[in-house]
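Asks: So you can see what is in the structure, the chains are spelled out below.
Number of protein chains: 2
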Amino acid sequence: MPRDPKYDCLFEPIQLGPKTMRNRFYQVPHCNGAGSEKPGAQAAFRGMKAEGGWGGICTEYCSIHPESDDTHRVSARIWDEGDVINLGHMCDEIHKWGSLAGIEMWYGGPHAPGMESRAATRAPSQIASEFEYLTYPHEADEDDIRDLIQMYVDAALRAERAGFDIIYVYGAHSYLPLQFLSKFYNKRTDKYGGSLENRARFWIETLAAVKQAVGQNCAIATRLAIDTLYGADGLEVGDDGLKFVELVTKEGLVDLWDVNIGDIAEWGEDAGPSRFYKANHQKPWVKDVKSIAKAPVLGVGRVTSPDDMVQILASGQADIIGAARSSIADPFLPNKIDEGRLEDIRECIGCNMCISRWEIGGPPMICTQNATSMEEYRRGWHPEKFAPAKDPCSVLVVGGGPSGMECARVLGERGFDVHLREAADELGGCMRYVQRFPGLAEWGRVTSYRQTQLDKLKTVEVHTGVGSMSADDILSYGADRVVVAVGSHWSTDGLSGVTHSTTPGADAAQPQICTPEQIILEGKEVGDRVVVIDGDGYFTGASIAEYLADQGKQVSIVTQLSTVGTYTHFTLEAPNLHRMLHAKKIAEYCGHWVEAIEPGNEIKVRAYNLSRDGYLRTTEPRTGALPRTAGTHIEELTCDTVVLVTGRVSNHELFRELKSRKAEWAKEEIDAAFHIGDCYAPRMIADAIFDGHRLAREFECDNPQFPLPFIRERQVWGHDTYPALGANGG
Amino acid sequence: MPRDPKYDCLFEPIQLGPKTMRNRFYQVPHCNGAGSEKPGAQAAFRGMKAEGGWGGICTEYCSIHPESDDTHRVSARIWDEGDVINLGHMCDEIHKWGSLAGIEMWYGGPHAPGMESRAATRAPSQIASEFEYLTYPHEADEDDIRDLIQMYVDAALRAERAGFDIIYVYGAHSYLPLQFLSKFYNKRTDKYGGSLENRARFWIETLAAVKQAVGQNCAIATRLAIDTLYGADGLEVGDDGLKFVELVTKEGLVDLWDVNIGDIAEWGEDAGPSRFYKANHQKPWVKDVKSIAKAPVLGVGRVTSPDDMVQILASGQADIIGAARSSIADPFLPNKIDEGRLEDIRECIGCNMCISRWEIGGPPMICTQNATSMEEYRRGWHPEKFAPAKDPCSVLVVGGGPSGMECARVLGERGFDVHLREAADELGGCMRYVQRFPGLAEWGRVTSYRQTQLDKLKTVEVHTGVGSMSADDILSYGADRVVVAVGSHWSTDGLSGVTHSTTPGADAAQPQICTPEQIILEGKEVGDRVVVIDGDGYFTGASIAEYLADQGKQVSIVTQLSTVGTYTHFTLEAPNLHRMLHAKKIAEYCGHWVEAIEPGNEIKVRAYNLSRDGYLRTTEPRTGALPRTAGTHIEELTCDTVVLVTGRVSNHELFRELKSRKAEWAKEEIDAAFHIGDCYAPRMIADAIFDGHRLAREFECDNPQFPLPFIRERQVWGHDTYPALGANGG
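As given, the protein sequences belong to chains A and B, one line each in that order.
In terms of this note's numbering, the first sequence opens at residue 135 and continues consecutively.
In terms of this note's numbering, the second sequence opens at residue 135 and continues consecutively.
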């Protein structure tokens, strides 16, 4: 289908200083774990977006000098000629498709802990990082400021040599230029502190020096937090933020404005999770910049709808559609608009699983919606291309949750004859209750995207509402191969990783003890006073607590961890999640675990405090350290209902029975059976989808139950082992 | 000086199965951040210990298969031929010195989050990790168990090919073999669960298979937690632990027992920090194993004294001296005993800074005492060899804290003519009060080691009690070069990284407001009720609280972080630290910060709660999320004294004045001046020592104020850039 003309404006070229970008789709800098050390993964990941139609594609934050070293986190680096070579490959891959490559030059000041280089950073004033808390910079004097500007210039020259078209001076997320601009960081009294003009001086001098060095050939961009949301202590739009834009515009130093809000410590105000922020939530700030800037302006905000994109351009909010998460979930979003295939767009769900891996530090990025993300190079996976089945046999996929849907979809794309059978009346598996938690409606896109794709695939039949299949049903079904994907459930007896045992008194067969599924999917009744026992530490405990608080219940959470929903720290949901818990008066018993639940007219939950996140000990040490029970106490909580979010258990019975009857397979002409996703082992939704995808990609290998090797990008001593870009690691 | 004959027993060879170890000094497996991906760093670091006299040297935990992937943490890996090559270099470096190389084969089960490989693990039972909390294994069936054993065998064959002499089946720290053995993990009812014999089956079958595969040429070792300290739920010495040793001994499967205690979640019970455990604290457990094992036994426990080592052998506690931290702090410990240079032993202080970097995940290991640790390859530093000064000029080092002492020591070793001048009556700088905190006496070795070395160096004059030097004093001193190392101090006005501002009402010039130095070094009086404001998050806040609680004060701590002393989680001090706080009734206000201190007869400290670790916000968002002040409340704490541990401030005035008078340098024949350590930017003690060391090593480079580049071990696309081992990155 051809492109709908109403989207033509998205495909108009735009001038960025000396460069022309072919359309208005722009992948802003975002992390992926590849940095400059995994050049194959970096080049293939970014290049895939160029292939998918993004007109401009950037690195993640890219350190300009070893002095600014974010280890244990992974940034790109443009420190030396090796980095020029490695990032050059990314540029080449992007240029192949006629797109522009951008580099985000980064110096972290106090937010760069320097754990690899062991260097101390320089910054406008000497105050410890509010993000890293033990990292202090040196207060730069004027010689230091000259050094810092020279670092940007030298890095820009290396970047130009690597082939970058767009060169950023990165001042958002509380990094160095913003530290000079913001009164929160800058306490100086010399010509680099005090008045706005003085505080802007460093940023402006840096832009001028970089433009002087590379502005002839490269577009100069700057990423600016127009409001750090600190109030008068920081940088506010309408005040310093916009005045700074005016100053820079007057000097004509910038060819592209990349605008956002927030700081580093709470950067979920920028990369807003869908739990708290709708798409395009930064519109008010971005359009203020657009109203005064002369150079093109872009902003982000998880925008996935082409109509919203048109509106952003038409309303004068911005000139270019910036995207990080939307481009991760679907690298081919622009092409799909261009080809009139809007229903094929794989929309970001705003879970921020991608970001969590950067926050953890080190692992490759993953994406809940796009299982091929960061697998382009090391496993040779293309998000839109699938190897045709060598022998397109028939496959029965039992269970239509995330893993089963994804497996069926990819098998279908590959040309297998697939039957996907789901016991319930609708597809989704765990998503059927997850997407009903407060704020998680967008997570339903996990199901809706796959439902749409399965509907389109002629190779896949979907049967819902068929009830649970037995081993007999499967054996007699007539499929050549069977994939069991029947998920997991919340433990009904309070089994947890905290104690490695069940919880005395926990039994969800009783009316006063519930699991989240029972409440949401079965409508099990919940009393007025509720205790949620959360051994999970991600979203479920907090979500069911909020769900019940919204019904007027009085809710408490007990968790072994030192905060509720610890993993939401990594997804940037934590700050607003904790505000929500406070605002909804949900009581938090962190660092506690349940000794026993005493049933009765009123239930008593006896919780004891732990010495540390989830660590339970009963033995007295022999060696003179403090008794393990030192300072313990018991909290006795009274309630009407207990909700068990203690741990998950695979639904493994079906596969076990099937396997135990392997002798019957030949007779039924069953060649192989596999189990995937949560029914193999409970895991993140992203990993369950990945597992289904992987099985389908590797379906013909010797034993697809277990993953094939992947390319590991590391030096092997004395060997140049790099395969060509795009080679498959199989 | 020749070796004292009483230490001869430490140098007797010992048979380990088919291999002979040249002496009794053995570096047990420990992490260093190099893994299999940084083969230069790995080989040079381990090889240095062989050069220093260790007879056996091991890898860190080494994954046997991508299914057991500890990313975000860094393990070694023996997954493929690239790893064989890379780890082979480590073996070569060790063999050069006649020592044996060991490899610790690791499979993590639920404790391996698989963030790089994205694989799920297998384990005896399906219970989430108590350490990783969101990671569930698959419950292995008998086919899986066969697969797992085969993984060990295949890895052992690769290890043998790489050149390893000692091959471990790693069952301590709660990894797979112990998971089968322990009732805490193993809930099976088949032949691999239930009775001790059944629970021991997996470990024994694995040992037998590995011995069968490589036992002809390699010694088979196993690392065993003889007591997981869980009481009857786990594995206790005298019960299952010793019975397991008996079973294995009967079968003759093990050539070396590496014995410790504890689990993974609280493995500071093994790697005991000096704050809570004396050296050799595991003696009771190790000697029980020795009493029944036929094969040689070793244990660890931060042993640094040769007399203690002799006692360990003589008393029948063990046959071999195992060491991790002692060997990091001094790779040449064995040679120094051999050469009768006991006073040169650089003793571990038990701070566990080394371990903290593994816990953080990713960064190279660092050591407070040994600044050359992990710099052997990338910076070409040898802990005992120093390049002679090219031009041995005179150097004045101002300030005898950790950084100044280390700088003077290394300059002295290099042959410079050094004067080290310290204002106070004794060397030590911040260590003068740090080592007086409860439990931190061993940290005093930072000073005592350097004091001894400085005393021995003919090139260094140490002057203490000289009072503060002024810029005039320095200018007229007559040195060619000046190094300013005058440290930092705790902010006296409550400046913190939390608010980036001072704290209203905080003024340590007032009698009721103190800093830690004022209390310990100046004896400033403290009232009965104390509030410690801890913005630091490492040891100081908790330590001064304990110091005052021990004097009978009633102490509260306010911290923005979600636990007191968050960094002590990484040093393994946290569990006992938190027990101590509970036991000493020190009240904890975590996730709070101080709005104001109201002086008066009774001081009032007004603390408000934060939404997340240290994140302070005042602006209301425009976008419909929860108000930033949602659920905030104020705690009003009444006390007699407030202790400010809010943040540190460099003592930068001296260097600034010196620099401002640069015009006078030529006249005074001063060639250059530098500032190092905390007076440049406050940092960890380890990093302050590193900075002093580095400056002295790089003293002749163009601008030694800033570090030279170091070798980065990464693949450069299409280039085989590896320099030869030992090349200097300068």
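No lab work stands behind these hints, which were simulated from the structure alone.
One or more hints might be untrue.
Since copy identity is lost for identical chains, a pair holds within one copy or between any two.
[Claimed, not checked] When the alpha-carbon atoms are kept at most 27 Å apart in a straight line, the in silico BS3-like pairs for lysine-lysine are as follows:
(1) 317 <-> 470
(2) 796 <-> 325
(3) 793 <-> 325
(4) 321 <-> 793
(5) 321 <-> 796
Asks: Which hint numbers doesn't this structure obey?
Replies: 1
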